[in-house]
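*Asks:* The chain contents come next:
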Amino acid sequence: MSAPAVDLNRPSIPLGRLVAVEARKVFDTRASRWFSLSILGLVLLVMVLQAFVFVDGLQDLDMFLAFSGNILGYFLPIVLIMLVTSEWGQRTALVTFTLEPRRGRVVAAKLIAGLLLSFAAFALAFLISLLGTFLASSVRGLDVSWSLEGDVIRNFLISNTIAVLVGFALAMLLGNTAAAIVGYFVYTFIVPIVINLLGSFVDWFGDIVPWIEFSSAQTPLVTGDGSLSGEEWAHLATSGTIWLVIPLVVGILRLLRREVK
Amino acid sequence: MIAVEHLSKTYGSYQALNDVSFVCRPGTVTGFLGPNGAGKSTAMRIMTGLTPASSGVATIGGVAYRDIPNPSSQVGVLLDASAQHGGRTGREVLTIAAKTMGLPKSRVDEMLALVGLTPSEAKRRVRNYSLGMRQRLGLAQTLLGDPSVLILDEPANGLDPAGIHWMRSLLRSFAEKGGTVLLSSHLLHEIEVIADEIIVIGHGRIVAQGTKDELLKGSGTFVRALDPSALVNALVSAGIESHVSGAGLATDATAEQVGRAAAAAGVVLLELRAAESANLEEMFLQLTSDTQRDALATEGARA
Ligand SMILES: Nc1ncnc2c1ncn2[C@@H]1O[C@H](COP(=O)(O)OP(=O)(O)OP(=O)(O)O)[C@@H](O)[C@H]1O
Ligand SMILES: [Mg+2]
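Quick mapping for you: the protein sequence lines, in order, are chains U and H.
Residue numbers for the first sequence follow the working numbering, beginning at 129 and rising by one.
Residue numbers for the second sequence follow the working numbering, beginning at -11 and rising by one.
What the hints contain is simulated information worked out from the structure, not anything from laboratory work.
Just so you know, these numbers come straight off a predicted model, no measurement behind them.
Ideal Cβ positions, reconstructed from N, Cα and C, are used throughout, including at glycine.
Keep in mind that the hints are not guaranteed to be accurate.
Below, a sample of chain H positions facing chain U; criterion: calculated Cβ distance under 7 angstroms [unchecked claim]:
{"id": "1", "residue": "D7"}
{"id": "2", "residue": "I84"}
{"id": "3", "residue": "D201"}
Below, a list of computed lysine to aspartate or glutamate pairs in the EDC-like style, where the Cα atoms sit at most 16 angstroms apart [said to hold, decoys possible]:
{"id": "4", "chain 1": "H", "residue 1": "K111", "chain 2": "U", "residue 2": "D331"}
{"id": "5", "chain 1": "H", "residue 1": "K87", "chain 2": "U", "residue 2": "D156"}
{"id": "6", "chain 1": "H", "residue 1": "K200", "chain 2": "H", "residue 2": "D184"}
{"id": "7", "chain 1": "U", "residue 1": "K389", "chain 2": "H", "residue 2": "D68"}
Build out the structure end to end from the sequences listed, making use of the hints.
*Replies:* Structure, rendered in structure tokens:
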């Protein structure tokens, strides 16, 4: 019998299709839909409170952007974390890597899908901030500022993008939803406090804090005119290597070798 | 065509697969038979690139699974039907697979109909599926891309009699159209009914392989005595291995060896003859008796 051999000339799965599928996974269960929508709901809720309840003076456009950016910074990384870790928790990795055995492409698709969704969320947060400013001025009758310096937007984008990247990297490293979420909050809340506290008691440690603490290394990015000195770039590079590059590289290397069952 | 060559897999010091080689040809159904923990699933995971082999290679159509472009559209793989996201609906599970493979949405409905999942069942979340429904969903996913090769780990698991019958005819017609099928099972009669070629594995080693007819040819001797335990003792002291077979014992020794052993011990024989075509179940127990975990316990209890 002439064997219907495997056809090696078929096109392989385009990356764009993998990205679309990964983006779909963020919304295709009741729990994941609910979680994504409630992040948006929270941004809306805080906007309404800020417009109508918060003391006068917090209703400028850049203040709305700062508040919504904070909320996204806490919760968007969890969306990316779950995109990675639910494959292991729900054991769907078995199917995912059977459909596309080149695991690196699946990781790339997840990262791209996560970033695209994050940018969509940033855009929504921006619209919600515009709406808040409008409501505060028209309905509440406050005197608001609509001015937005270029670096406010840039800083918003940079710090939130770094936040989702760190979430993704920790998820790749830890492979477990709870561990990665805890890891992310340790990274955002506890590590800066502990490291800075240590730094204030131990002299030599104080000198190396800027080199290993990623949050404070990002501060020059989001304050002042946003231009960094050589040393500040170096801080960003070393602390970013520790918190972003190493977890991501170790996580990917492990995934490429790991047994999927 | 699936080709497995000198495949070995060790987990720490445990050898899960030991120099396993076999081929599955187009147009045939190959049954992969072995007791629990024999290494069937491990071998299938290696074939599909999910588990790295310690040594040896597995190819499908001449290349490693991971080098097949859009592999699921050419090789249908079902390793574990319960490895699905419990929160997704059955339809969503298939939609994700179809979208990844680049298939139209209509294909999802076709497969749901093929495996007998109703539209209302397809809307249910997989968490609430019965074992058999999950298995049907898994088979639907496997067949989505109209593959030419199927690799199925215990596909009959959880299916009702009608489902098993349906699957048998599906695999039969798949092979008749020139497809290659490898399916594993420890349900012996399942393999006996479906497979053309049989590979028997025990403790990571292939203990027998060939066509069903070859393997069904009996060998050795069947013996039955008035006092079965006296017969067992007689055979043991003569150094003849045996195992329980129906009302008597089956052994690899010749009739003369068994007769002499019985005569020497003064055991009265009721039957002594060449074993006729043993059914596959006997063969399976026979071939894996030294590796199968229950063998000693069973023999001890009956002797
Ligand atoms: N990651 C692992 N670490 C250690 N041992 C493992 C690992 N994975 C599998 N094994 C062992 O390898 C052996 C083969 O397991 P496998 O799942 O392939 O058996 P099987 O033939 O599919 O059995 P069953 O019929 O029960 O499904 C078992 O003894 C199992 O415990
Ligand atoms: Mg198994």
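*Asks:* Below or equal to 16 angstroms on CA atoms is what counts here, so check H:K87 against U:D156.
*Replies:* holds (13 angstroms)
*Asks:* Given the hinted pair H:K111 and U:D331, is their Cα-Cα distance within 16 angstroms?
*Replies:* Cα-Cα ~63 angstroms, so violated.
*Asks:* Taking the closest Cβ pair, is H:D7 under 7 angstroms from chain U?
*Replies:* violated (20 angstroms)
*Asks:* Given H:I84 as an interface hint, is the shortest Cβ-Cβ distance to chain U below 7 angstroms?
*Replies:* This hint holds: H:I84 lies near chain U, its Cβ roughly 6 angstroms from the closest one there, short of 7 angstroms.
*Asks:* Between U:K389 and H:D68, is the straight-line Cα distance small enough, at 16 angstroms or below?
*Replies:* holds (9 angstroms)
*Asks:* Interface hint check: H:D201, Cβ to nearest Cβ on chain U, cutoff 7 angstroms. Holds or violated?
*Replies:* violated (19 angstroms)
*Asks:* Holds or violated: H:K200 with H:D184, Cα cutoff 16 angstroms?
*Replies:* Status holds; Cα separation ~6 angstroms.
When each numbered hint is compared with the structure, violations occur for hints 1, 3, 4.
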